[in-house]
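Residue numbers (the UniProt record's numbering), protein chains in the order written: chain A, 1 to 543; chain B, 1 to 543.
Simulated from the structure, these hints should not be mistaken for lab results. Watch out, some of these pointers could steer you wrong.
If chains are identical, the list can't say which one is meant, so a pair holds when it fits in one copy or spans any two.
[Said to hold, decoys possible] When the alpha-carbon atoms are kept at most 30 Å apart in a straight line, the in silico DSBU-like pairs for lysine-lysine are as follows:
| no. | residue 1 | residue 2 |
| --- | --- | --- |
| 1 | Lys123 | Lys530 |
| 2 | Lys423 | Lys524 |
| 3 | Lys322 | Lys402 |
| 4 | Lys530 | Lys322 |
| 5 | Lys402 | Lys123 |
| 6 | Lys322 | Lys297 |
| 7 | Lys297 | Lys530 |
| 8 | Lys449 | Lys530 |
| 9 | Lys423 | Lys402 |
| 10 | Lys449 | Lys402 |
| 11 | Lys423 | Lys123 |
| 12 | Lys402 | Lys530 |
| 13 | Lys524 | Lys123 |
Number of protein chains: 2
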Amino acid sequence: MGPHVVPRQLVWLSRWQAVCAWGASVQHRTWAGVSRMPSLLSSGGALGASPLVRRSSSSTPPDAPEVVLTQQRYPVTRLPFSVVSAEDLAAFERILPGGVVTDPEVLEASNVDWLRTVRGCSKVLLRPRTSQEVARILRYCHERNLAVNPQGGNTGMVGGSVPVFDEIILSTTLMNQVISFNSVSGTLVCQAGCVLEELSRYVEERGFVMPLDLGAKGSCHIGGNVATNAGGLRFLRYGSLHGTVLGLEVVLADGTVLDCLTSLRKDNTGYDLKQLFIGSEGTLGVITAVSIQCPPKPRAVNVAFLGCPGFAEVLQTFSSGKELLGEILSAYEFMDAECMWLVTHHLRLASPVQESPFYVLVETSGSRAGHDSEKLSDFLERALSSGLVTDGTVATDQTRLKALWALRERISEALSRDGYVYKYDLSLPTERLYDLVSDLRARLGSQAKHVVGYGHLGDGNLHLNVTSEVFSPSLLADLEPYVYEWTARQRGSVSAEHGLGFKKRGVLSYSKPPEALRLMQQLKALLDPKGILNPYKTLPAQA
Amino acid sequence: MGPHVVPRQLVWLSRWQAVCAWGASVQHRTWAGVSRMPSLLSSGGALGASPLVRRSSSSTPPDAPEVVLTQQRYPVTRLPFSVVSAEDLAAFERILPGGVVTDPEVLEASNVDWLRTVRGCSKVLLRPRTSQEVARILRYCHERNLAVNPQGGNTGMVGGSVPVFDEIILSTTLMNQVISFNSVSGTLVCQAGCVLEELSRYVEERGFVMPLDLGAKGSCHIGGNVATNAGGLRFLRYGSLHGTVLGLEVVLADGTVLDCLTSLRKDNTGYDLKQLFIGSEGTLGVITAVSIQCPPKPRAVNVAFLGCPGFAEVLQTFSSGKELLGEILSAYEFMDAECMWLVTHHLRLASPVQESPFYVLVETSGSRAGHDSEKLSDFLERALSSGLVTDGTVATDQTRLKALWALRERISEALSRDGYVYKYDLSLPTERLYDLVSDLRARLGSQAKHVVGYGHLGDGNLHLNVTSEVFSPSLLADLEPYVYEWTARQRGSVSAEHGLGFKKRGVLSYSKPPEALRLMQQLKALLDPKGILNPYKTLPAQA
Chain A
1 MGPHVVPRQL VWLSRWQAVC AWGASVQHRT WAGVSRMPSL LSSGGALGAS PLVRRSSSST
61 PPDAPEVVLT QQRYPVTRLP FSVVSAEDLA AFERILPGGV VTDPEVLEAS NVDWLRTVRG
121 CSKVLLRPRT SQEVARILRY CHERNLAVNP QGGNTGMVGG SVPVFDEIIL STTLMNQVIS
181 FNSVSGTLVC QAGCVLEELS RYVEERGFVM PLDLGAKGSC HIGGNVATNA GGLRFLRYGS
241 LHGTVLGLEV VLADGTVLDC LTSLRKDNTG YDLKQLFIGS EGTLGVITAV SIQCPPKPRA
301 VNVAFLGCPG FAEVLQTFSS GKELLGEILS AYEFMDAECM WLVTHHLRLA SPVQESPFYV
361 LVETSGSRAG HDSEKLSDFL ERALSSGLVT DGTVATDQTR LKALWALRER ISEALSRDGY
421 VYKYDLSLPT ERLYDLVSDL RARLGSQAKH VVGYGHLGDG NLHLNVTSEV FSPSLLADLE
481 PYVYEWTARQ RGSVSAEHGL GFKKRGVLSY SKPPEALRLM QQLKALLDPK GILNPYKTLP
541 AQA
Chain B
1 MGPHVVPRQL VWLSRWQAVC AWGASVQHRT WAGVSRMPSL LSSGGALGAS PLVRRSSSST
61 PPDAPEVVLT QQRYPVTRLP FSVVSAEDLA AFERILPGGV VTDPEVLEAS NVDWLRTVRG
121 CSKVLLRPRT SQEVARILRY CHERNLAVNP QGGNTGMVGG SVPVFDEIIL STTLMNQVIS
181 FNSVSGTLVC QAGCVLEELS RYVEERGFVM PLDLGAKGSC HIGGNVATNA GGLRFLRYGS
241 LHGTVLGLEV VLADGTVLDC LTSLRKDNTG YDLKQLFIGS EGTLGVITAV SIQCPPKPRA
301 VNVAFLGCPG FAEVLQTFSS GKELLGEILS AYEFMDAECM WLVTHHLRLA SPVQESPFYV
361 LVETSGSRAG HDSEKLSDFL ERALSSGLVT DGTVATDQTR LKALWALRER ISEALSRDGY
421 VYKYDLSLPT ERLYDLVSDL RARLGSQAKH VVGYGHLGDG NLHLNVTSEV FSPSLLADLE
481 PYVYEWTARQ RGSVSAEHGL GFKKRGVLSY SKPPEALRLM QQLKALLDPK GILNPYKTLP
541 AQA
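Chain A extracted, bound-state conformation:
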């Protein structure tokens, strides 16, 4: 890729630059062909009219097949926990008057994961409203040796949020209150069951943003986000929850309430206990409240959605973006052509940029629209003139920003409409990130319906997904352990952000040494000696 410039692009680049010079008043820009603009700009178009749907309601087509019970599909043996008795139900009813659900139809949604790949057979769902109620429930369950499955929005990708057998489901759905918000510092303190999107709206009205954002925002709970150490779309800019979570309240397995719900940015009084629970997937304690640092809401947000001729150009465009966008670069996402096919075909989304082997979504967030526009303009000019990017569009207003983001955020939903999904969420060296996708496509041939790659390139995080009409053990055997071994050879992570849950707990050793596993087991034994919290999850089955 040299300084070669295609004449048509030059024309459009000039047009773009002219438009850009108007500054913040420019609502939407494209330079890849004016004929595409009306479809994107018309408010009635498919793009403008597709708000993100709640995962729980959108993912099940009417003709979806019944989900096989986990205990039938996977080799797993029930541990000797007690079985919930009528007496237990009465005790729960005393703790939570009206908050004990045993209706099988209501339970169905909580027994099956969002991907419809695993299914438990819990007979009871508890809906506490306060930490004290959670404490009383756990104290009771601990004494009675009853297993408990904490559940937030049930949007997990690895079967961590639903029971494997008959664990009691402890839902945070009704724990959805904001406790406090400091409008000077941006510190939000809230109950664990607050829905991420609602929190986003709440803090945005007050001049801040949540430091995390993800496709499941419409359903996922902040407690679940913290329990799985969710990464998501703003990780590149605001970093890990290990840095942005200021405090947690956690109920331990025996019902002890651990109050580390501080709102201090800095507190070095002893071990930072809250860190233990971030990413522990509900196996060490139940997160009941979260204190989190919200960054100021950027005054200007731009999204460029670009087409790249190859993966090498995706990488080079990223380097160029880091250099020219600097501190305002807030997201750098990529998706391949098959992803684009899935979202346009299954979800009927329209894309203003098409027919490229790869697409990238570049977001900037800054405090001064004019400065940001100049930086973005320089970046796009270089990307286009050097041939790194062959097509693209830019948006600054909310509706179109969301529409462009939907193309990337709803891939997971589109995949679930495509059949059975084999999901891999890997950290890999960025330069080798896509090799695995190409490699697998060749390896699997016609066995797979689709083999797609997308994800948070800026964080070295590939979402590799394979679909087939129905679950196929032979396809799975071609995928695993192949994918894990491939990743381990690159010293990557076999779960970058989704966690291990039930489905990935056996592969931990591809990314962690035996000494680490032993210490994890010791921590589990210390904090939950009876193993009642989210059993069969995170840690490999004991030999």
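Since chain A is already given, all that's left is putting chain B on it; use the hints.
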């Protein structure tokens, strides 16, 4: 404070703006009186000629009094560890040929803390070069029940880095090798004994910066920084080490090497074990290597050093800075007039801004000098025209940046020249931050030589320091528990970033509930059942 404008300031503001319009070529600016400029600009001035000195060599005046043994000043009882025997020394010599130091003169510097407030009586200092050597030492000490004091640069503020009795000093001084640096991602992997300033230089030559910076940079080791969860001067921009540290290698008390030295930005395969050791002050394991994410080196750095008429104006200037500087604001530090007296009097530093009740240092770091200058110009114009700031200077070149930073960074050193120092490092609500200083000044009266307040205002972190000619138990009794109770009433932290070490371990309960303390003790018992690692530190003495 209304929009009232002092004519003289207006003149200088205009001058400043004119100069500013030249952009990146402007080397130094002031608008508070041209007569001050020559003293700052002359290269032979005190300011330009004072690089940061290494703490270990600078803090001891020739006539400094002998430091009292910790066991004589504080009520502490030696735990029943073994005493180092000739046989032990021979064993260490076999593990570390030439790395066993018993010379009392060499040991003296490692037995006394930098503040010269605590003193151990260790008879042996070990200097391993590799993690395997550390592992063999700890395995031996664990078997023999010998206590070990891990030591980095010995720049700690709370007596955490020196022995209390005769603990073996395990120094990381010779573990000073960079293991790898990825010049695309900015990931640095290095041994624990690398000096922060040397790492800064190393990564800056490659286009990156360390995500932390602190006054002790010339001596402190990165392993010690991580072990104490150091905050420092860049916390406001790059956040906590819990977010920027990607991986750690740690040797556990029994000599087990725990390899969590990953370079991945995201890795959710099980519990994030490294977090346990960040801030555990060497009591849970010895950090031997660190993997850390370095942000890109900003292309433009500006420092404004400003005088404010009151603390209310310090706060309002901060709000204004957050609004107008946005994502390029990288530090907001404050100091009071007594701090300025100390650095100018004891260290002979010259300040271009004087005679203000308060001073703030505002740093911007960005990718585009012209944009940054515009943002800074608007900020300064507003601050000055609204009377929030009455005097100030701006620097962009390295020498003057460092000179302005020295005024803030060397306060701690100046304090140590003033007599015995009572140090408090508190997190408080920013709006109440300075009330405690004023309150104490009135309370202590002439008992104290100086009562000063400075610190990382942007993080809500006050460094409150009191000096007296010599250590005074009655002054201490007036300070404690008064300061801790005051802080606890504000739900603050009694140790924001310095940790607890030996001197603050008894005050943990002012900021943490009993359930948290119990869990900390359980973690200590799990990871170090014999309690040989940095005993008498972090956790309160057992009843």
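- Can you tell me if Lys423 and Lys524 fall within 30 Å by alpha carbon in one copy, between copies, both or neither? within (27 Å within a copy, 38 Å between copies)
- Item | 30 Å Cα threshold - placement of Lys402 relative to Lys423 | within (25 Å within a copy, 51 Å between copies)
- For the identical chains here, do Lys322 and Lys402 meet the 30 Å Cα criterion within one copy, between copies, both, or neither? both (23 Å within a copy, 27 Å between copies)
- Query: Taking 30 Å as the upper bound on the Cα-Cα distance, should Lys322 and Lys297 be classified as within, between, both, or neither?
  - Reply: For Lys322 and Lys297, the Cα distance is within 30 Å both inside one copy (21 Å) and across copies (11 Å).
- Message: Please sort Lys123 with Lys530 into within, between, both or neither, judging by C-alpha distance up to 30 Å.
- Response: Cα proximity of Lys123 and Lys530: one copy only (21 Å, versus 46 Å across).
- What label fits Lys449 with Lys530 when the C-alpha limit is 30 Å: within, between, both, or neither? Result: close neither inside a copy nor across copies, 43 Å intra and 57 Å inter.
- Given a CA cutoff of 30 Å, do Lys449 and Lys402 count as a within-copy pair, a between-copy pair, both, or neither? So Lys449 and Lys402 pass the 30 Å test inside one copy only (29 Å; across, 60 Å).
- Query: Is the C-alpha distance from Lys297 to Lys530 at most 30 Å within one copy, between copies, in both cases, or in neither?
  - Reply: neither (44 Å within a copy, 50 Å between copies)
- Message: For Lys530 and Lys322, with the copy left unspecified, which applies at a CA distance of at most 30 Å: within, between, both, or neither?
- Response: Intra 49 Å, inter 49 Å, cutoff 30 Å: neither.
- Message: Regarding Lys423 and Lys123, is the shortest C-alpha distance of 30 Å or less found within a copy, between copies, in both, or in neither?
- Response: within (28 Å within a copy, 58 Å between copies)
- Message: Cα distance capped at 30 Å. Does Lys524 pair with Lys123 within a copy, between copies, both, or neither?
- Response: within (26 Å within a copy, 39 Å between copies)
- Query: At most 30 Å between C-alpha atoms: does Lys402 with Lys123 qualify within a copy, between copies, both, or neither?
  - Reply: neither (39 Å within a copy, 66 Å between copies)
Of the numbered hints given earlier, the model fails hints 4, 5, 7, 8 and 12; all others are met.
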